[in-house]
Amino acid sequence: MDSVLEVTGLTKRYRTFTLDGMSLEIPKGTILGLIGPNGAGKTTAIRLMMKMARPDAGSIRIFGLGLERDEVAIKNRIGYVGEEQLYYMNKKVSWTGRFVSRYFERWDQPLFDRLLEEFDLDPSQKVGKLSKGMKVKLSFAIAFSHHPDLMILDEPTAGLDPVIRREMLERLLAFRDERDGSVLISSHITDDIVRIADHVAFIVDGRIAIHAEKDEILSQWKRIHFRPGALDGALASGLRCVEAHAFGSTGVTNRYGEIAGALEGGVASGDVKVENVSLDDVLIAFVRDGRE
Amino acid sequence: MSGILRRNMTFYIVYGGFFLFIQIVMWQVSITSISPSLATIGSFYLFFMVVVPAMSAEAVEERYSAYAFLSTLPLRLETVVRAKFALPLIALAAGVAFDLYMFESIGGLPPVMRDCRNVLLFNAAAIIVVTGISFLLLYRYGAKNFLVVLVFAGVALNLVGVVAFRAGLGDWVFEWLPRLVGGRSTWWLLAVLGACLVVYWLLMMAAVRIKRERMFA
Numbered sequence: 001m002d003s004v005l006e007v008t009g010l011t012k013r014y015r016t017f018t019l020d021g022m023s024l025e026i027p028k029g030t031i032l033g034l035i036g037p038n039g040a041g042k043t044t045a046i047r048l049m050m051k052m053a054r055p056d057a058g059s060i061r062i063f064g065l066g067l068e069r070d071e072v073a074i075k076n077r078i079g080y081v082g083e084e085q086l087y088y089m090n091k092k093v094s095w096t097g098r099f100v101s102r103y104f105e106r107w108d109q110p111l112f113d114r115l116l117e118e119f120d121l122d123p124s125q126k127v128g129k130l131s132k133g134m135k136v137k138l139s140f141a142i143a144f145s146h147h148p149d150l151m152i153l154d155e156p157t158a159g160l161d162p163v164i165r166r167e168m169l170e171r172l173l174a175f176r177d178e179r180d181g182s183v184l185i186s187s188h189i190t191d192d193i194v195r196i197a198d199h200v201a202f203i204v205d206g207r208i209a210i211h212a213e214k215d216e217i218l219s220q221w222k223r224i225h226f227r228p229g230a231l232d233g234a235l236a237s238g239l240r241c242v243e244a245h246a247f248g249s250t251g252v253t254n255r256y257g258e259i260a261g262a263l264e265g266g267v268a269s270g271d272v273k274v275e276n277v278s279l280d281d282v283l284i285a286f287v288r289d290g291r292e
Numbered sequence: 001m002s003g004i005l006r007r008n009m010t011f012y013i014v015y016g017g018f019f020l021f022i023q024i025v026m027w028q029v030s031i032t033s034i035s036p037s038l039a040t041i042g043s044f045y046l047f048f049m050v051v052v053p054a055m056s057a058e059a060v061e062e063r064y065s066a067y068a069f070l071s072t073l074p075l076r077l078e079t080v081v082r083a084k085f086a087l088p089l090i091a092l093a094a095g096v097a098f099d100l101y102m103f104e105s106i107g108g109l110p111p112v113m114r115d116c117r118n119v120l121l122f123n124a125a126a127i128i129v130v131t132g133i134s135f136l137l138l139y140r141y142g143a144k145n146f147l148v149v150l151v152f153a154g155v156a157l158n159l160v161g162v163v164a165f166r167a168g169l170g171d172w173v174f175e176w177l178p179r180l181v182g183g184r185s186t187w188w189l190l191a192v193l194g195a196c197l198v199v200y201w202l203l204m205m206a207a208v209r210i211k212r213e214r215m216f217a
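These protein sequence lines map, in sequence, to chains C and H. Heads up: the first sequence runs through residues 1 to 292, numbered per my numbering. Heads up: the second sequence runs through residues 1 to 217, numbered per my numbering.
Calculated from the structure, these hints are not laboratory results. Treat the hints loosely; a few may be bogus.
Listed next, the in silico SDA-like pairs over lysine to any residue satisfying Cα-Cα at most 20 Å (straight line) [unchecked claim]:
#1 92(C) <-> 66(H)
#2 91(C) <-> 68(H)
#3 273(C) <-> 262(C)
#4 92(C) <-> 10(H)
#5 132(C) <-> 189(C)
#6 132(C) <-> 69(H)
#7 91(C) <-> 173(H)
#8 126(C) <-> 7(H)
#9 28(C) <-> 179(C)
Here are some chain C residues the structure puts well away from chain H; computed CB gaps all over 10 Å [to be verified]:
#10 16
#11 29
#12 105
#13 110
#14 117
#15 125
#16 166
#17 179
#18 223
#19 234
#20 262
Because the structure is a prediction, the values reported are computed rather than measured. All residues carry an ideal CB built from backbone N, CA and C; glycine is no exception.
Please work from the sequences and hints to get the whole structure.
This is the structure we're talking about:
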């Protein structure tokens, strides 16, 4: 499968934080969810991909082109929605559309007008007067209106109400399914990622902890409860974040496929209980591992 | 580039229009004969028509984090900075053309007219360099800090002027420039102007580098 975005060994050093040798790729027509706690490096990674910052090492290739040389050609094919909505706040929504339209080769004004209507955005309203949610909608309208091949979204749903959040996620799914578009979406709201992502990359302390298909992660990661005395040393080595409590012990594993056989007896006798985990649990496991 | 030009043009139209109006009043109402000293005063207005709107536009751009916004569009930083540097030249060309027209319409003896043109071209050349340096300082230190320095520099310059006048150096203030460029051929002044344009271009390249370093830090 062709990759629309390939990042290799991406490194950016700040005084208090380092994005450390990040590598990931997005196959065409898929959605990659970039999950990480606040300050993990999601925004730094996206800023580097948008050439809003310069990497200290590593390479970024988008649509097979180098960002340094083909910045304009690449950005013409990217729809970007940032964490912060940066516009000329004293200008109207319609002015903003006209302004950006001059730079995108594939700008579709009728589509932009239609999206404004669908998003209940008043073209005569000043951008500075829009609520945060409406500004995000404007960003989505601009991002979709030049027919991008790749959408890059940095925490786009943070602070949005559930209705708008769901609406935006559905539009991203439609973008993938109807246009074979690709999406990179960063978020610490794992519900959003579960809902739409095909692949997931966890970023913790500036490093990619795992990058795999979402279903593969969810099938390999399980939470396991042991009655007192049921957890032996061999099994314990395959567990993370083990907690002892009055009813036994609980831990999570990312090697369920390997240890499932050893758990069969315990599951049959009721001494062991296996549960599915959420992406939140996986993230928490990585963060705790890092601390320990 | 056209979007940036159009957006920033407003500042030049507002400031330029205002100072053009003042100049029209000055030339038409109070001046009946031309002299290099008057050309010196007249061409000082170019500073307000070029440097002030350029810096005001940048201050507003900074307030709205415009460079961060523009960096999300299919635009190279070089293109944005080039557009910013192009506008003062357009405004300056318009201002110089206006002043030349005024000189011609008032008229005077050929040597006086030549000296007036020389004063105007020399001031235009100086303004080109001042504009380039202003951009550089503004990109390096930020609009807020730069404008504070600009205000203090303006006040200091005025105080120096007041002191010079009180010390009986008033004539010298208005005469030093005509003395410097008077009698020289216009080609010499055009060469100075050309050299300043080269300096401006070099300052623009440096400004791109500074802006990039500040943005990408």
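Here is how each hint holds up against the structure:
Between residue 92(C) and residue 66(H), the direct Cα distance comes to roughly 15 Å. Compliance with the 20 Å bound is thereby established for this hinted pair. Between residue 91(C) and residue 68(H), the direct Cα distance comes to roughly 17 Å. Compliance with the 20 Å bound is thereby established for this hinted pair. Under the criterion of a C-alpha separation no larger than 20 Å, the hint pairing residue 273(C) with residue 262(C) is consistent with the structure, at around 13 Å. At most 20 Å may separate the alpha-carbon atoms for a hinted pair to count; residue 92(C) and residue 10(H) meet this at roughly 16 Å.
Distance hint between residue 132(C) and residue 189(C) is fulfilled; the C-alpha atoms sit about 17 Å from each other, no more than 20 Å. With a CA separation close to 16 Å, the supplied pair residue 132(C) and residue 69(H) stays within the 20 Å bound. Distance check on the hinted pair: residue 91(C) and residue 173(H) sit about 44 Å apart at the alpha-carbon level, beyond 20 Å; violated. Between the alpha carbons of residue 126(C) and residue 7(H) the distance comes to roughly 16 Å, so the proposed pair stays at or under 20 Å and holds.
A distance of roughly 11 Å separates the Cα atoms of residue 28(C) and residue 179(C); the hinted pair therefore holds under the 20 Å criterion. Distance to chain H confirms residue 16(C) as a non-interface residue, since its nearest Cβ pair spans about 13 Å, more than 10 Å. Non-interface call for residue 29(C) relative to chain H: holds, since the shortest CB-CB distance, roughly 23 Å, exceeds 10 Å. The Cβ of residue 105(C) sits about 8 Å from the closest Cβ of chain H, inside the 10 Å cut-off, so the non-interface label is violated.
Every Cβ of chain H is farther than 10 Å from the Cβ of residue 110(C); the closest lies at roughly 20 Å, confirming the non-interface assignment. For residue 117(C), the condition that its CB be more than 10 Å from all CB atoms of chain H holds, with the nearest at approximately 24 Å. Once the 10 Å rule is applied to beta carbons, residue 125(C) is consistent with being away from chain H; the minimum gap is 17 Å. No Cβ of chain H comes within 10 Å of the Cβ of residue 166(C); the nearest lies about 25 Å off, and the non-interface call holds.
Distance check on residue 179(C): its Cβ is at least 19 Å (rounded) from any Cβ of chain H, clearing the 10 Å threshold; non-interface status holds. Residue-level check passed: residue 223(C) sits 40 Å from the nearest beta carbon of chain H, beyond 10 Å. No beta-carbon of chain H is positioned within 10 Å of the beta-carbon of residue 234(C); the least distance is around 51 Å. For residue 262(C), the requirement that its beta carbon stay farther than 10 Å from each beta carbon of chain H is met, with the minimum near 51 Å.
Taken one by one, the earlier hints fail for this structure at numbers 7, 12, listed in ascending order.
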